[in-house]
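Residue numbers (the numbering used here), protein chains in the order written: chain A, 1 to 250; chain B, 1001 to 1436.
Careful: at least some of the hints might be erroneous.
[To be verified] Just so you have them, the derived chain B footprint on chain A, three or more residues with Cβ under 8 Å:
1. 44 to 50
2. 69 to 80
3. 83 to 95
[Said to hold, decoys possible] Partial list, derived from the structure: chain B residues whose beta carbon lies under 10 Å from chain A:
4. Ser1133
5. Phe1388
6. Arg1393
7. Gly1396
8. Ala1407
9. Phe1408
10. Val1418
11. Asp1420
It should be emphasised that the hints constitute simulated quantities derived from the structure, not laboratory data. Where a beta carbon is used, it is the ideal one built from N, C-alpha and C, also for glycine.
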Amino acid sequence: MLEIKDLHVEVDGKPILRGLSLSVKAGEVHAIMGPNGSGKSTLAHVLAGRDGYQVTAGSIRYQGHDLLELAPEDRAREGLFLAFQYPVEIPGVSNMYFLKAALNAKRVHRGETEVDAFEFLKIARDRAKVLEIDDSMLKRALNEGFSGGEKKRNEIFQMLMLDPLLAILDETDSGLDIDALQVVSRGVNTLRSPENAVIVITHYQRLLNHIVPDFTHVLYNGRIVKSGDKGLALELEERGYGWVEQEFAA
Amino acid sequence: MTSDFTGRYIDQARRAQATSGAPGFVASARALALQRFEALGFPQRRKNEAWKYTNVLPLVKVDFDDDVAYPTSDPTALERHARGLLWAKALVVTNGRVDRERVDSLKLPAGVRLERLRDAADAHADVLEAALSRFADQETNPFALLNTAAFHDALILRVAKGVALDEPLCVVHFSGSQRDPSIAHPRLLVVCDESSEATVIEAFVGHSEAPCLTNAVSEVFVGANATINHLHVQWEAPQTAHVSTTNAYVRRDGRYRQQLINLGGSLVRNNVRTLLQGENAECTLNGLSMVRGTQHVDNQTSIEHLVPNGNSWQLYKGVVSDQGTLVFNGRIFVEKDAQKTDAKQQNNNLLLNEGTTINSKPQLEIFADDVKCTHGATVGRLDAEGLFYLRARGIGEAEARNMLTHAFASEVIDACGVDDLAELLSETLRGWLNEG
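Let the hints inform the model, and build the full structure from the sequences given.
Structural data, given as structure tokens:
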């Protein structure tokens, strides 16, 4: 599904990713862990197509496409989804209106008919239930005045509505209390199927108790320096990142 | 100084006055207005600070005809151009003219009177003194004086003490011309007595094949503890220039709200002046200007706090694209005795591309020492973070831009206080954005 090869990325001339490779297949959940500044969020943003990142070498193939050639909206329509670490507040655009436009953009792209307001509401209420989101949150302006937890729940709600092939969760656990963490995890686990894949980017292991990864990777200094199974996450939790830094310091 | 082209306006005004059939006190007020217009002439950019950014000379040199009764021979044109504004309580005024039957056929509740000046000047002599004679004597805007001198007729709306107009009254000013350049001078006088309530929509729409000019004046007297919501929706034909003057006089505990929406026209100039004359009076002046092509929109507001404990709020927003020009000058005047005044002014502008022009100027004249007065102006572009967020969800770039622009403009539309109108404007805005 996703094949990243020797990816080098700079921001304002400063190298952030320095030869990252990663292969993700349908049905898999990958956890990417690493200390602050290791390049985790950069990876998420480059995958989603944000401006301001210069890819200087390497390639990303996604579902047979050269991902870097696709505009952000086309990536999304092809089933890629990024749950933002810091979801943007957009006053004046209601959550519902926004999501209906997003869902229909994807449906049109796939040659499907658009959903009308009634149909949309039915789907939305069904998905909202999983995340304990009520109608009032759907009617409010997109993320405006939402608490940290509400924003993250809204990201996962959007994910369930758009039903992506590849979901990338960028530190979705940051700022969540244990209850919210469970709700969010439930949403992600609802999505899991043999057809799609999830990349969970996180600093801490605790989310991985709820979303159990098939693979764990340690990102350090812009490279994946170690890969393993879910046990690696537990090891990192226990020993911290210090040993990684010592072992792989450039 | 009278140049050749002002002479034509003066002749037209003389003819209008001769055929107005109004009693002497109206005639003398209008003669005074004409005299003062003659003395002032049209404003010139270099000599008149208030007109610094708007050059009206090329406009007023056009040979406008003031005798066009109906803008078009196409009977469906009105429906098309009124764009959903023909509600239950709607009155259509064409090029400043309206039939008596049409006015009389409006079903208005007891205590609400709507009449033409030519039919009922004597009955309203008490308010016309202030609205015409004092106006003619004190007004300094030449266009407003010209309107006073040259209008074909005026509408007078009176709401009696304690009466609430149950639904909005919509005056649709339908202006323009099929062939030759034409000018209209719509005039509205609204007098709301103590503790009354009314929502008045003035919609300026038109049909024009030729360059035209709408020169409107509206005066609103807000009685003690009365509440007036006044909506000015400028939706003129692309060839039509629009100059408007709105004066509101607010008594003790009165509330005046005006929403000024600019969607059409070529050259547009709005003068909005509110005088808070009684204690605890308040006003809200909101504006939204959508400017594109080579449109030029100039909004001048003046809020005058004349007595203590007045409140005013102001939110003017503008969206400018192509080679459009938008001007905002917001004057807040606080008289020496007007202590505990609380005035807030905000002017936010969104530029959609390079090549646009924005002039934004707060003008604070504060002579009291115990007041709160805040103002702020911003000029910006669409938020890159927001754009990326929408695109990352599959929404195309053009639609994402439109969505954010619509959201920016919605703040004013949503606050207009008339749900049906807000919905209509919101849809119009979507159309406006999709055309761009």
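Exercise. Can you give the numbers of the hints that this structure goes against, from lowest to highest?
Worked result: 4, 10, 11
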